[in-house]
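Student: The residues making up each chain are set out below.
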Amino acid sequence: MSERESALFLPAIFVGGLVFGLGLAISGMARPEVVLDFLQFEDFGLLFVMGGAAVVTGLAFFLATTFLDRAPLTATEYTRRVKEFDRNVVVGGVIFGVGWGLSGICPGAAYASVGIGNFPILWAIAGMFIGAYAQGYVRSRLANTVN
Amino acid sequence: MDAFTPLLASGLEGLFPRGILPYLVGGLLVGLGATIIYLSTGIIAGASTFLESTLSYVSGVERFNRYKYVQSRDWRVVFTLGIIAGAALWGFVLAPDPSAWTTDVQWWRLLGGGVLVGIGTRLGKGCTSGHGVCGVGSLSETSLVNVATFMAFAIGTAQLVAALGVSP
Numbered sequence: 000m001s002e003r004e005s006a007l008f009l010p011a012i013f014v015g016g017l018v019f020g021l022g023l024a025i026s027g028m029a030r031p032e033v034v035l036d037f038l039q040f041e042d043f044g045l046l047f048v049m050g051g052a053a054v055v056t057g058l059a060f061f062l063a064t065t066f067l068d069r070a071p072l073t074a075t076e077y078t079r080r081v082k083e084f085d086r087n088v089v090v091g092g093v094i095f096g097v098g099w100g101l102s103g104i105c106p107g108a109a110y111a112s113v114g115i116g117n118f119p120i121l122w123a124i125a126g127m128f129i130g131a132y133a134q135g136y137v138r139s140r141l142a143n144t145v146n
Numbered sequence: 000m001d002a003f004t005p006l007l008a009s010g011l012e013g014l015f016p017r018g019i020l021p022y023l024v025g026g027l028l029v030g031l032g033a034t035i036i037y038l039s040t041g042i043i044a045g046a047s048t049f050l051e052s053t054l055s056y057v058s059g060v061e062r063f064n065r066y067k068y069v070q071s072r073d074w075r076v077v078f079t080l081g082i083i084a085g086a087a088l089w090g091f092v093l094a095p096d097p098s099a100w101t102t103d104v105q106w107w108r109l110l111g112g113g114v115l116v117g118i119g120t121r122l123g124k125g126c127t128s129g130h131g132v133c134g135v136g137s138l139s140e141t142s143l144v145n146v147a148t149f150m151a152f153a154i155g156t157a158q159l160v161a162a163l164g165v166s167p
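Chains S and B, in that order, give the protein sequences. Each residue of the first sequence is one higher than the one before, counting from 0 in numbering that gives the first Met the number 0. Each residue of the second sequence is one higher than the one before, counting from 0 in numbering that gives the first Met the number 0.
Check the hints yourself; a few may be wrong.
[As the list claims (entries may be wrong)] Which residues of chain B face chain S? A partial, calculated answer using Cβ under 10 Å: (1) Leu27; (2) Ser128; (3) Gly134; (4) Ala147.
[To be verified] On the chain B side, residues computed to face chain S include the following (Cβ under 10 Å): (5) Arg17; (6) Leu23; (7) Gly30; (8) Ala44; (9) Phe91; (10) Gly131; (11) Ser137; (12) Val146; (13) Thr156; (14) Gln158.
These aren't lab readings, by the way, just hints derived from the structure by calculation. We put the CB at the ideal spot given by N, CA and C, even for glycine.
Please model the complete structure; the sequences and the hints are all you need to start from.
Tutor: Set out below in structure tokens:
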């Protein structure tokens with residue numbers, strides 16, 4: 000990312016977030032009941048949410064990395080989202096999966112839940128911060144013991 | 000052909016009791032939102048990094064104060080505020096629905112599940128938006144493995160909790 004940040008940088012992030020949140024609200028993902036209905040095989044609509052979103056971003060990634068060079072507001076080169084694979088990807092996926100199945104709520108949907116006025120979801124957001132803090136604390140401690 | 004129409008309709012109704020349109024439109028908008036940010040800034044935004052980058056404002060723990068979190072924490076707050084604003088636009092202005100303003104899912108499920116979501120998404124390098132939407136959109140093998148894993152365990156957990164008679 001460029002050090003000289005465009006004046007349009009934060010507005011672009013906000014507008015993108017706005018459309019993202021609008022989509023989460025329309026799709027019902029902001030309601031844990033709808034997510035739990037999917038996980039209990041009572042309503043398969045969630046597949047269209049993740050699938051539809053992945054097709055749009057996939058198309059954008061393909062077109063930008065193939066035909067475009069750098070992003071206008073940051074001069075950042077267009078890339079795909081490819082993260083290194085290690086054991087944590089699986090262990091984290093298991094823990095996230097159990098938590099998602101228990102609560103029916105994931106981070107983006109939780110923020111959108113607050114937006115639609117679904118305030119009991121603040122329990123889940125508090126939990127997410129506690130969990131994120133706990134893993135960061137433990138991993139920082141472990142890293143220091145090893146060194 | 001006519002004989003099959005009701006069969007097909009009832010089959011679809013069974014699989015999609017709320018219809019398909021809100022899911023499809025919502026999903027396309029989620030992708031469009033990520034695309035707006037990507038095309039204008041080159042950033043591939045996920046929702047769960049916000050948890051750690053925001054902790055850097057108040058915590059001295061080394062992991063949260065890594066350069067990539069501290070230099071991205073401001074725009075991640077703006078991204079989250081955008082998500083909240085977009086959802087509020089739908090929930091309070093475009094389609095107010097008071098029944099959506101709360102949830103019947105019990106608080107301990109939300110809190111306990113939230114803790115595990117916080118640990119798991121950060122350990123596993125992403126969540127439903129980072130891995131599920133952007134990673135799958137990138138055809139990243141890491142993301143495909145992560146998504147298959149969390150999907151399987153989420154389905155297993157939700158079915159088990161329901162089977163134990165917890166509702167909702």
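Student: Give a verdict on every hint.
Tutor: Now for the hints, and whether the structure bears them out:
1. Satisfaction of the interface hint for B/Leu27 is found here, the shortest Cβ-Cβ separation to chain S being roughly 5 Å, below the 10 Å cut-off.
2. Checking B/Ser128 against chain S by beta carbon gives a least distance of about 5 Å; that is within 10 Å, so the hint holds.
3. Among the interface hints, the one on B/Gly134 holds; its C-beta lies about 5 Å from the nearest C-beta in chain S, closer than the 10 Å criterion.
4. With a least beta-carbon distance of about 8 Å to chain S, the hint placing B/Ala147 at the interface is held under the 10 Å criterion.
5. For B/Arg17, the interface hint holds, the least distance from its beta-carbon to any beta-carbon of chain S being 6 Å, beneath 10 Å.
6. Annotation: interface hint on B/Leu23 holds; nearest CB of chain S at approximately 5 Å, less than 10 Å.
7. Interface restraint check: B/Gly30 against chain S, minimum CB-CB distance 3 Å, threshold 10 Å, status holds.
8. Because the smallest distance between the Cβ of B/Ala44 and any Cβ of chain S comes to about 7 Å, under 10 Å, the interface hint for this residue holds.
9. Below 10 Å, beta-carbon pairs count as interface contacts, and B/Phe91 has one with chain S at about 7 Å; its hint therefore holds.
10. A distance limit of 10 Å between C-beta atoms decides the matter here; for B/Gly131 the minimum to chain S is near 5 Å, and the interface restraint holds.
11. Because the beta carbon of B/Ser137 sits about 4 Å from the nearest beta carbon in chain S, less than 10 Å, this interface hint is met.
12. Interface hint status for B/Val146: upheld, as the beta-carbon distance to the closest one in chain S is roughly 8 Å, under 10 Å.
13. Satisfaction of the interface hint for B/Thr156 is found here, the shortest Cβ-Cβ separation to chain S being roughly 3 Å, below the 10 Å cut-off.
14. For B/Gln158, the suggested interface contact is upheld, since its CB lies about 6 Å from the closest CB of chain S, less than 10 Å.
In this structure, every one of the numbered hints holds.
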